[in-house]
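Protein chains: 2
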Amino acid sequence: MKARVHITLKTSVLDPQGKAISHALGALGFSGVDDVRQGKYIELEIDETDPEKAHQNVQSMCERLLANPVIEDYAIELDG
Amino acid sequence: MKARVHITLKTSVLDPQGKAISHALGALGFSGVDDVRQGKYIELEIDETDPEKAHQNVQSMCERLLANPVIEDYAIELDG
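If you read the sequences in order, they're chains A and B.
If you read the first sequence in the numbering used here, its first letter stands for residue 2, the second for the next number, and so on.
If you read the second sequence in the numbering used here, its first letter stands for residue 2, the second for the next number, and so on.
Hints are not guaranteed to be accurate.
Since the list can't tell identical chains apart, any single copy or any two copies may satisfy a pair.
Claimed, not checked - Capping the alpha-carbon separation at 25 Å, the derived lysine to aspartate or glutamate pairs in DMTMM-like fashion look like this:
id	residue 1	residue 2
1	K20	E73
2	K41	D80
3	K54	D80
4	K3	D51
5	K20	E49
6	K20	E46
7	K20	E78
8	K11	D51
9	K3	D35
10	K54	D36
11	K20	D48
12	K54	D35
13	K41	D16
14	K11	E64
15	K11	E44
16	K3	D16
17	K20	D36
18	K11	E78
19	K3	E78
20	K3	D36
21	K20	D35
22	K11	D36
23	K11	D48
24	K20	D80
Treat the hints as calculated values from the structure; they're not laboratory data.
Quick caveat: nothing in here was measured; it's all calculated off a predicted structure.
Pulled out of the complex, with its shape left as it was, chain A reads as follows (with noise of 0.2 Å):
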């Protein structure tokens, strides 16, 4: 089964490679771009079968190693 999982920094927290994002591409001449994020994504292949417990183990790995909750939201798919 493969989970493909979104780390995103939290709204309240700054995020500093967005605004050098945002910079750059005004520099490159893109104009009209309001506001941009960076985050992470992470497609994971596991090999339990039952989609409950694939979610249960991967939220599982985002509290501990992949995203750091006090400052991330993380979201998780599950497919196949």
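Place chain B on chain A using the hints.
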């Protein structure tokens, strides 16, 4: 309009960051994780209202700044 961009290493390119995550998950006791790939996820808030123009615009941003087309693939989603 909001644009979401997923940037991932081409499958033929080695992903050391993914390998490191996979290894760390194993060390934490998570078994059954076969493959991990890490990519980037970027959310952009753009002024453009025409979806076709917006897509062209974001594609151009990917080619020129956000992604490295030699080793990375990107996927663009638009909404709003």
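Checked hints:
In this homomeric assembly, K20 and E73 come within 25 Å of each other (Cα to Cα) both inside a single copy, at 17 Å, and across copies, at 22 Å. In this assembly of identical chains, the alpha carbons of K41 and D80 lie at most 25 Å apart whether taken from the same copy (19 Å) or from different copies (20 Å). Taking the closest pair of Cα atoms, K54 and D80 come within 25 Å of each other only inside a single copy of the chain (13 Å); across copies the shortest separation is 31 Å, beyond that limit. Taking the shortest Cα distances, K3 and D51 sit within 25 Å of each other inside one copy (12 Å), while across copies they are farther apart (33 Å).
Proximity of K20 to E49 under the C-alpha cut-off of 25 Å is restricted to the inter-copy arrangement: shortest distance 19 Å between copies versus 38 Å within a copy. In this assembly of identical chains, the alpha carbons of K20 and E46 lie at most 25 Å apart only when taken from different copies (12 Å versus 32 Å within one copy). In this assembly of identical chains, the alpha carbons of K20 and E78 lie at most 25 Å apart only when taken from different copies (21 Å versus 27 Å within one copy). In this assembly of identical chains, K11 and D51 lie within 25 Å of each other by CA distance neither inside one copy nor across copies; the values are 30 Å within and 29 Å between.
For the homomeric pair K3 and D35, the shortest alpha-carbon distance between copies (10 Å) is at most 25 Å, but the shortest distance inside one copy (33 Å) is not. Taking CA atoms no more than 25 Å apart as the test, K54 paired with D36 passes between copies only; the shortest distance there is 18 Å, against 36 Å inside one copy. In this assembly of identical chains, K20 and D48 lie within 25 Å of each other by CA distance solely across copies; the values are 17 Å between and 38 Å within a copy. In this assembly of identical chains, K54 and D35 lie within 25 Å of each other by CA distance solely across copies; the values are 16 Å between and 39 Å within a copy.
In this homomeric assembly, K41 and D16 come within 25 Å of each other (Cα to Cα) both inside a single copy, at 13 Å, and across copies, at 14 Å. With identical chains, the CA atoms of K11 and E64 are at most 25 Å apart within one copy only, with a shortest distance of 15 Å there and 28 Å across copies. In the homo-oligomer, the alpha carbons of K11 and E44 lie at most 25 Å apart both inside one protomer (21 Å) and across protomers (13 Å), since each shortest distance falls under that limit. Taking CA atoms no more than 25 Å apart as the test, K3 paired with D16 passes between copies only; the shortest distance there is 17 Å, against 29 Å inside one copy.
For the homomeric pair K20 and D36, the shortest alpha-carbon distance inside one copy (8 Å) is at most 25 Å, but the shortest distance between copies (32 Å) is not. Taking the shortest Cα distances, K11 and E78 sit within 25 Å of each other both inside one copy (19 Å) and across copies (21 Å). Within a single copy, K3 and E78 get their C-alpha atoms as close as 8 Å, and across copies as close as 20 Å, so both meet the 25 Å cut-off. For the identical chains of this complex, K3 and D36 are inter-copy neighbours only, at 9 Å across copies versus 30 Å inside a copy, given an alpha-carbon limit of 25 Å.
In this assembly of identical chains, K20 and D35 lie within 25 Å of each other by CA distance solely inside one copy; the values are 10 Å within and 35 Å between copies. For the homomeric pair K11 and D36, the shortest alpha-carbon distance inside one copy (14 Å) is at most 25 Å, but the shortest distance between copies (27 Å) is not. When the C-alpha separation of K11 and D48 is checked against a cutoff of 25 Å, the pair qualifies only between copies, where the shortest distance is 23 Å, while the shortest distance within a copy is 30 Å. In this assembly of identical chains, the alpha carbons of K20 and D80 lie at most 25 Å apart only when taken from different copies (21 Å versus 33 Å within one copy).
This entry does not satisfy hint 8, going by the numbered hints stated previously; all others are met.
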